[in-house]
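Residues per chain are reported as follows:
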Amino acid sequence: MNRPYQALIRGCVKQDPHAQRELYDLFAPRMLVVCYRYAASAAEAEDILQEGFIKVYQSIKKYKDRGSFEGWIRRIMINTAIDILRKERHAHHQLELNETIIEDDQEDALDQLEAEYVLDVIQGLPDGYRMVFNLYAIEGYSHAEIGKKLQISESTSRSQYTRARSMLKRKLVDSRTYQHSYRDVS
Amino acid sequence: MSAEQFEQRIRGKVEGARMQPSPELWAAIEQQIAPKNSHRYLFLWWTGGFLMLTLVALGIYFKPFTTQEHLLPPHAIQSETEHTLPQSPSLAELEEACMETYSSLYPPSSLPSSAYINRRRTLSRIPTDLLSVDLHSDLPHPDVTLWMASQNSQLPPVALQANKLPSIRTSLAHPLEVPPTHRETIRRKSHSAMWSLFVQGGWGYGRMRIQDFVGEEAFLAASTATSDIVYSDTYDFNAVPIPSQNTNTIQVNRVAYPRYQQRLQVSLGRQIRRWGVRVGLSFRRSEPGRIETGFLPANFVPIGGVDIAALGLDQPQFITFRQTQMDIPVALDFYLKRGESNLVLTAGWAASYNTNRSKQVTFAQSPETPSDPPLTFNQWHSYAMGGLRYEQTLSRELSLFIQPSFHHNLSAAYNNTSTAATQQNRMRIHMDFGLKKRLW
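Sequence lines, in order, name chains A and B.
Residues 1 to 186 (this note's numbering) are what the first sequence spells out, left to right.
Residues 187 to 626 (this note's numbering) are what the second sequence spells out, left to right.
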């Protein structure tokens, strides 16, 4: 059983290696999912996680006991992901896509897919789309906030999000078909 | 399916998901955060070193537990003095003996006449029972130090000043640099200058410096300026931490530029027999432009280090760099002399603060690429220094020296626009060869 967060935070502030490890064990699996959604590959997700945790340990003494501790760590991970991807100039890639209309009879397709597969599909989105989609649909940021974070205009964020959603829907439908046929073969 | 429903379903899918990171990831994070722990102990080490040196400096300077006997010269010198004097000399005889010794050491021609007359007058006014002559026979030119009890309120003002500041000297050399061994060049002339040509070995640079020694007992120095032509290949280990890479990084820079520095350096020092203590305050300001190129030497493969080419650092860059720096160094010296050879061992510590503003332009940058904004950052340094100086006197004005030294630099830099600090832990090794000439 993990100690309460307060004790864990105090331990990390004192740079206690046991507390640092415990914090990592507790949050790394959850945060890797967050990083995975923003990264272009599994290796990049681990890079983001690594850098994010280093920032967490370095700035944990600045953590004010307001709001969720997990939310604080999550924000660090997201900001780290944005920083890294921005530095690597993966952001702002835009693809011209035609809107894809998903048919009603494919509505339940999403429910039948496993979470890992959905994550893989999200990860397969182009960098710019992936970032905007994650920030808007999953983290709940507004387009104005996203625009500020990614240094793009609000309208660009909106259009990227619309395109990302369409692309994701299409990929999920395609992948469902593929997944089924793949399973049949194996 | 509406957009909201779709988002909700996606969110539901990914929110509860867990992924297990690879086992090596924790080891990588641990390695990155480990230096923070050791830095904490390093800070204690630095603080301890500073306090120790400060205590030693204060102890030597003020000698709080000394009595009048301790202020007297050593027995060997006393016996030498006694040998030349009658067993129970009268006041007049003793005074005359002192005058003769003084005159032989400082003939009237070696000093300006006014100074000579003034000294004789001063000497003649000092009560003889509080006066002895210290012949520093281990120095090439024996020096005279006046030893007297500070408690005596009857001493004339000039004598009191001499008592308080018997061997304070000024030096415009950086107080942490290994000091010159020719103490007499500093003491016996009220104004003297010397130049020395440093050729630093290893990855070093050439430097020409003019040093002024102002005053025999003054402890404030005038400002001076140095001009260098700097050429160096710098190997920075861990200088560019890239957390996403689980490795130490190596950056290699080659720089070449002329530099002009404005300096004001004040050094307060005292030498007692073979020991010397120096405390200094130094301000420096320089604003050179320089061309810098990152490179990797042939056959040098950085293990997981920075890919210089990938970062574009292999392109020559022109950097304007304005730096102001303030140092507070403390140094302890140990002097050894044998014949015409001098050896000085120095250990020192300094705290340093500097502000930097640099702007960088890559020559290969395309016109469309906006140049980076000026980088402004401030740095705290603390650095320890150990050094050895071997000097061979060739003539009264000329000497040769070799001076290996190292600087261990621990610094924290923080950008004005960010709270994030970067830390450096760097060791520099210098090898100076030089020729020193006294100008007057």
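Any given hint could be a false lead.
What the hints assert, rightly or not - Simulated pairs of lysine-lysine, DSS-like, Cα-Cα distance not exceeding 30 Å: (1) B:K199 to A:K148; (2) A:K64 to A:K148; (3) A:K171 to A:K148; (4) A:K61 to A:K149; (5) A:K171 to A:K55; (6) A:K55 to A:K148; (7) A:K149 to A:K62; (8) A:K171 to B:K523; (9) B:K199 to A:K55; (10) A:K149 to B:K199.
To be verified - Examples of chain B residues lying across from chain A (beta carbon under 8 Å, computed): (11) S208; (12) I219; (13) R508; (14) Y539.
Treat the hints as calculated values from the structure; they're not laboratory data.
For each residue, glycine too, the CB sits at the ideal point set by N, CA and C.
Hints versus structure:
1. B:K199 to A:K148: Measuring from Cα to Cα gives roughly 27 Å; hence the hint holds.
2. A:K64 to A:K148: 24 Å, holds
3. A:K171 to A:K148: 28 Å, holds
4. A:K61 to A:K149: Measuring from Cα to Cα gives roughly 24 Å; hence the hint holds.
5. A:K171 to A:K55: 34 Å, violated
6. A:K55 to A:K148: Holds: K55 (chain A) and K148 (chain A) sit about 21 Å apart, inside 30 Å.
7. A:K149 to A:K62: Roughly 21 Å separates the two Cα atoms, so the pair holds.
8. A:K171 to B:K523: Not satisfied, since the Cα-Cα distance of roughly 84 Å exceeds 30 Å.
9. B:K199 to A:K55: 28 Å, holds
10. A:K149 to B:K199: 25 Å, holds
11. S208: Because about 6 Å separates S208 (chain B) from the closest Cβ in chain A, which is inside the 8 Å limit, the hint holds.
12. I219: 5 Å, holds
13. R508: Status violated, d = 27 Å.
14. Y539: 22 Å, violated
Checked against the numbered hints above, the structure violates hints 5, 8, 13, 14; every other hint is satisfied.
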